[in-house]
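> Sequence:
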Amino acid sequence: MTSFAFQPECRLLTAADFKAVFDCAMYKVHQSGFLVLAIRRNAESSQSRIGIVVAKRKIKRAHERNRFKRLTRESFRLHQQQLPALDIIVMAKQGADHIDNPQLHQELQNAWRMLHTRVKKQQLIQQPISPKVT
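The sequence shown maps to residues 1 to 134 in full-length UniProt numbering.
Don't read these hints as lab results, they were simulated from the structure. Since the model is a prediction, treat every value here as computed from it, not as a measurement. Among the hints, erroneous ones may be present.
Unchecked claim - Just the calculated beta-carbon pair ranges, DEER-fashion:
| # | residue 1 | residue 2 | range |
| --- | --- | --- | --- |
| 1 | Lys60 | Lys120 | 32 to 40 Å |
| 2 | Ile125 | Glu9 | 28 to 36 Å |
| 3 | Gly95 | Ile125 | 32 to 40 Å |
| 4 | Ala85 | Asn110 | 28 to 36 Å |
| 5 | Arg73 | Arg41 | 28 to 36 Å |
| 6 | Gln81 | Arg118 | 15 to 23 Å |
| 7 | Ala16 | His63 | 27 to 35 Å |
We put the beta carbon where it would ideally sit given N, CA and C, even for glycine.
Please take these sequences and the hints and turn them into a complete structure.
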């Protein structure tokens, strides 16, 4: 049975974790209310981790910042089983507070799908082509 819990192992906790993603982002997904940055985790890791960055300059009111973070965590929690092992940062953009809950949830679903597709596409490109034996 798969677990949908949001454990501390699913979170980016240290400044070094955030810095690694910001410095070496391999995947970027732009949506109208946020930007997703991601890097691959090492081989022994099996699950994705998420960090959420919401600047006070981007979303002024605390309850709107909290709503954005709450909905992002919930969406990640529901979709983490489909994602490959990545370290992910979701950064709010200007005007993200004007997006209603269903639209934000839909944009997050699209972002997870696009991120998954980009990772799989890169895996296919990096796979060595085996010669055909005749």
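> Each hint should be assessed against the structure and marked as holding or not.
Hints versus structure:
1. Lys60 to Lys120: 32 to 40 Å: For Lys60 and Lys120 the Cβ distance comes to about 38 Å; the hint holds.
2. Ile125 to Glu9: 28 to 36 Å: For Glu9 against Ile125, whose Cβ atoms are near 30 Å apart, the range 28 to 36 Å holds.
3. Gly95 to Ile125: 32 to 40 Å: holds (35 Å)
4. Ala85 to Asn110: 28 to 36 Å: violated (21 Å)
5. Arg73 to Arg41: 28 to 36 Å: violated (19 Å)
6. Gln81 to Arg118: 15 to 23 Å: For Gln81 and Arg118 the Cβ distance comes to about 18 Å; the hint holds.
7. Ala16 to His63: 27 to 35 Å: holds (30 Å)
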